[in-house]
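Asker: Sequence:
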Amino acid sequence: MKIGLVTPYVYPLPGGVNQHVRYLYENLRLRGHDVRIITSSHGLQRASQGDVIRIGKGFSMPANGSMGTVTLSPRYLSQVRDVLEREQFDLLHFHEPFVPFLSLIVLRLSTSVNIATFHAYGGFSAAYEFGSKTMGSYADRLHGRIAVSAAARHFIDRFFPGDYKVIPNGVDIPRFQRAVPIARWRDGTPNLLFVGRFESRKGLLDLLRAYRILRKTGAECRLLIVGGGPQEREARRYVMTRRLGGVEFLGRVGDEERDALFK
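Letter by letter, the sequence shown follows residues 1 to 263 in my numbering.
Just so you know, the hints here were simulated from the structure itself, not pulled from any lab data. Honestly, I wouldn't trust all of these hints.
Unchecked claim - Simulated pairs of lysine to any residue, SDA-like, Cα-Cα distance not exceeding 20 angstroms: (1) Lys202 - Phe249; (2) Lys263 - Ala183; (3) Lys202 - Leu224; (4) Lys263 - Asp206; (5) Lys57 - Arg29; (6) Lys57 - Tyr76; (7) Lys2 - His119; (8) Lys216 - Leu192; (9) Lys133 - Lys165; (10) Lys202 - Asn18; (11) Lys263 - Leu193; (12) Lys216 - Asp206; (13) Lys202 - Ala151; (14) Lys165 - Val17; (15) Lys263 - Lys165; (16) Lys263 - Arg222; (17) Lys2 - Arg29; (18) Lys165 - Arg153; (19) Lys202 - Tyr164; (20) Lys57 - Ser78; (21) Lys57 - Leu24; (22) Lys202 - Gly229; (23) Lys165 - Ser149; (24) Lys57 - Ser41; (25) Lys2 - Leu91; (26) Lys202 - Arg237; (27) Lys263 - Gly188; (28) Lys57 - Arg75; (29) Lys165 - Ala183; (30) Lys216 - Leu193; (31) Lys202 - His119; (32) Lys57 - Asp82; (33) Lys2 - Arg22; (34) Lys202 - His33.
Make a model of the complete structure from these sequences and hints.
Answerer: Right, dumping it as structure tokens:
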């Protein structure tokens, strides 16, 4: 089967949706499917290469308590038509299809079976509230709808009611089984691990407050923090001003080291 995975975020930059797309791409290939990833360009990620097709340019902007991407191109219609005509997809799988504008243009012009996976959860969203009144015709073009959790289903169903199948994010169990624990952190002290972007919705500052309470009880433990983001300075200041021991900021790490930390 010829499958196109459409991500509104610049692939392969770090992020939960892109990681989902990456492993979905790899596993579909293992099952014998012919797969392409349709994404935008940004920074050093400019040209289409191999199975990655780039259309338009992605721009970062605040969205849903994090940083999102809006993709723009003065030649959207012709570029998308050319790609769809050339590739002749049997199925297009959209991830967050209502994030403007790449996914919307591809969905509008698609003559394939269209499946969408919804990843996001949030409270009230003015953008989705507006979209629910203007993008109903796009939602009607979806032949199947997936949500990665009950929370994600509840969020999107408020704006675009429909039949959503909950399929949680997959876990590559063999990959973690192959990981070798890092000796430095195997000294008998219990380790707590945070992996993610340093922003309000990820809860790093809440975790630090909880960790401080835990340490005050006399618990011997260590907090390993992986990632980066806009709250890094605030998080480091919290640790320093409260002389909070046992906290290690490890920065951004590669896949192999991240997997090892989970061990």
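Asker: Each hint should be assessed against the structure and marked as holding or not.
Answerer: Hints versus structure:
1. Lys202 - Phe249: Satisfied, since the Cα-Cα distance of roughly 16 angstroms is no more than 20 angstroms.
2. Lys263 - Ala183: holds (11 angstroms)
3. Lys202 - Leu224: Given pair lysine 202, leucine 224 holds - Cα atoms ~15 angstroms apart, limit 20 angstroms.
4. Lys263 - Asp206: Answer violated: lysine 263 to aspartate 206 is near 24 angstroms, above 20 angstroms.
5. Lys57 - Arg29: Violated, because 27 angstroms separates the two Cα atoms, which is more than 20 angstroms.
6. Lys57 - Tyr76: holds (10 angstroms)
7. Lys2 - His119: With a Cα-Cα distance of about 23 angstroms, the restraint between lysine 2 and histidine 119 is violated, given a limit of 20 angstroms.
8. Lys216 - Leu192: holds (16 angstroms)
9. Lys133 - Lys165: violated (23 angstroms)
10. Lys202 - Asn18: holds (17 angstroms)
11. Lys263 - Leu193: holds (10 angstroms)
12. Lys216 - Asp206: Holds, because 16 angstroms separates the two Cα atoms, which is no more than 20 angstroms.
13. Lys202 - Ala151: Roughly 15 angstroms between the alpha carbons, so the hint for lysine 202 and alanine 151 holds.
14. Lys165 - Val17: At roughly 17 angstroms apart (the allowed maximum being 20 angstroms), valine 17 and lysine 165 satisfy the hint.
15. Lys263 - Lys165: Cα-Cα ~31 angstroms, so violated.
16. Lys263 - Arg222: holds (14 angstroms)
17. Lys2 - Arg29: Roughly 10 angstroms separates the two Cα atoms, so the pair holds.
18. Lys165 - Arg153: holds (8 angstroms)
19. Lys202 - Tyr164: violated (25 angstroms)
20. Lys57 - Ser78: holds (15 angstroms)
21. Lys57 - Leu24: violated (23 angstroms)
22. Lys202 - Gly229: holds (11 angstroms)
23. Lys165 - Ser149: holds (9 angstroms)
24. Lys57 - Ser41: At roughly 5 angstroms apart (the allowed maximum being 20 angstroms), serine 41 and lysine 57 satisfy the hint.
25. Lys2 - Leu91: holds (7 angstroms)
26. Lys202 - Arg237: Between lysine 202 and arginine 237 the Cα gap is close to 18 angstroms, so the pair holds against 20 angstroms.
27. Lys263 - Gly188: holds (13 angstroms)
28. Lys57 - Arg75: Holds, at about 11 angstroms.
29. Lys165 - Ala183: With Cα atoms ~42 angstroms apart, lysine 165 and alanine 183 exceed 20 angstroms; violated.
30. Lys216 - Leu193: It holds: about 19 angstroms lies between the C-alpha atoms, which stays within 20 angstroms.
31. Lys202 - His119: Since the Cα atoms of lysine 202 and histidine 119 sit roughly 15 angstroms apart, the hinted pair holds (cutoff 20 angstroms).
32. Lys57 - Asp82: holds (17 angstroms)
33. Lys2 - Arg22: holds (16 angstroms)
34. Lys202 - His33: The hint is violated at about 35 angstroms.
The structure shown violates the earlier hints numbered 4, 5, 7, 9, 15, 19, 21, 29, 34.
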